[in-house]
Amino acid sequence: MKKALLPLALAMALLCACAQAAPSKTAADVAQVVALASSGETPAEDFSLVIVRADEAQEKELARIAESVLEQGAAPVDCFSPAVKQAIAARLPADVPPEALELTEFVPLAALNYRAEYGDVTADLLLDTPYAPEQTICALIGLFENGVVTWIWTEAEITPEGNVRVTFSAAELRRMSEAQAVSLAILSAPWQAESEQSFAQSVQ
Amino acid sequence: MLRLLLGLLAAAALLTALYGLGRRLETGRAAQARGQMSEGFGQLPTLTRGGRTYVRRPEVKTVLLLGIDRPLAEARRGFRQGGQADFILLLAIDHSSKTMYPLQIDRDTVTDVRVLGVLGNAAGVRRMQICLSSAYGASAAQSCAQAAWAVEQLLPDLTVDACCALDVDGIGPLNAALGGVTVSFQEDASAIDAAMTAGTSLRLSDAQAEALLRARLGLADDSNEARMCRQEMFMQAAWQTLRQRLAQEPMLIDTLLDALETHVYTDLSRARMIGEAARVSGYAVAPVSRLAGEYALDAAGFTAFYAAPEAADKWVLSTLYEPRP
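Chains A and B, in that order, are what the protein sequence lines are. So in my numbering, the last spot in the first sequence is 264, and the numbers never skip. So in my numbering, the last spot in the second sequence is 335, and the numbers never skip.
Fair warning: there could be bad hints in the mix.
Chain B regions said to be covered by chain A (calculated; three or more residues, Cβ under 8 Å) [to be verified]:
no., region
1, 117-127
2, 207-215
3, 299-310
If we take Cβ atoms under 7 Å as the criterion, some of the chain B residues that face chain A in the derived model are [claimed, not checked]:
no., residue
4, L142
5, A145
6, S149
7, Q152
8, N234
9, T313
Calculated directly from the structure, the hints in this document are not laboratory data. Note that this is a predicted model, so its numbers are computed, not measured. Cβ atoms here follow ideal geometry from the backbone N, Cα and C, with glycine treated the same way.
Next comes chain A alone, as it looks inside the complex:
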């Protein structure tokens, strides 16, 4: 009797599982890492680069930047060290002054189980901000250690889909793995309303 009931119970369980609706999206679900590629060995399944919740130190750092920009009128780029500002300025198009850049994203990241054999890792991140493919952006990695944050410039571009493609070097990934917390800050040229509207329609 029990044996006869088992397939029935399994079928019922399967039916219930199928009846479950797909989950509804929340604000925390918008940003995600959508693709990873490595220059070296194919990463093992336990390797991942994920977006995590901000810890206290990261929230404090964002609050510091917000206060400088929103209350003291500083340019976002001036919230970082002169060396970082110089690195950004060196890579900007001539018509985009560093002071014009806006801080659009501040993403807490975690690099889990990275090994040197993987080499550089390129990650495509779908973030809240719908970047236009031609939009100027700069990416900074924030390494948090014992209450001190070190910001370093890193290579980034916008994909045709509007995602942010960041190439993390092996050295950066090693430092990210060792840090207590990691944030990715994206500075970008201001949004151009008209092109963005058409962009929203094009990716529909």
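Since the structure of chain A is already known, use the hints to place chain B on it.
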């Protein structure tokens, strides 16, 4: 006598000269360009459909009602913590026919949403679930404005006139302030609460009201569509209670707003809320409408509802516009 005659002639000559000068100025080169009345202010918006022109009915006002899944009074640390709008209802109030037309919008409806950067700057427009629009904003007012903008993208040719948001912790106090909303269950909802069986008429406790409006996980049908039906059921029962009590207590809205003070945000003044509630309490309520469309999964595997563009247009046209005579 002669002096009087000469005086009259001089006055007549002066008047004639002044009239002539006036006419010359009026018809001369110095004539100022005048605009067309049709280009002036105060013109009602028009739409053309199938060769016919429709004009906006100014006597129909729209109010956006939102149910936000986080406390409105809670301090926000940034510009992306406004919470999701799990309940979205656009109420078109027709003051000429004295009828209210509710349009319930699925939280998973995909439309253009204005995205704010982490420091509050306008960062772009992304097509996503409309419930996420209220997440962007540093205050309840900003979240409501974001949601209203998204609704206006979903329903083109419509302007949201006012917005009112109730947070998740306000459901209980709202139910309590109404003396407990009585709901009749046509279908079994005992998975939410053992007392909610088919055929039962139940005066909800505050906890039951919150469970009825919010529960999804663990139910046989855990879709938002099914939850919208329960929200509609509560809303209709709450409106009946409110209407009956308003007839006896014209200042009930004042009492309600006191009870919900930290849980509600509206861009209407308290006096206007009281006045509007008294005005519409006798109005008929049309059946709740929903936009036709299709459910699918978005690229990340989340539920997405794609409203048929013609459905949005049809609702706006039939509710807010009339054919130009």
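Each hint, compared with the structure:
Taking a C-beta to C-beta cut-off of 8 Å, the region 117-127 of chain B contributes 5 residues in contact with chain A, enough for the three needed, and the coverage statement holds. Coverage of the region 207-215 of chain B by chain A is violated. Counting CB-CB distances below 8 Å, 0 residues qualify, and the rule asks for three or more. Here's how the region 299-310 of chain B fares: 3 of its residues keep a CB closer than 8 Å to some CB of chain A, so the rule of at least three is met and the hint holds. Look at L142/B: its Cβ gets to within about 6 Å of chain A, closer than 7 Å, so that hint holds up.
A distance limit of 7 Å between C-beta atoms decides the matter here; for A145/B the minimum to chain A is near 4 Å, and the interface restraint holds. At a threshold of 7 Å, the smallest CB-CB gap from S149/B to chain A is about 13 Å, leaving the interface hint violated. Violation of the interface hint for Q152/B is found here, the shortest Cβ-Cβ separation to chain A being roughly 14 Å, above the 7 Å cut-off. For N234/B, the suggested interface contact is upheld, since its CB lies about 6 Å from the closest CB of chain A, less than 7 Å.
The beta carbon of T313/B is positioned within 7 Å of a beta carbon in chain A (closest approach about 4 Å), and the interface hint is therefore held.
Of the numbered hints given earlier, the model fails hints 2, 6 and 7; all others are met.
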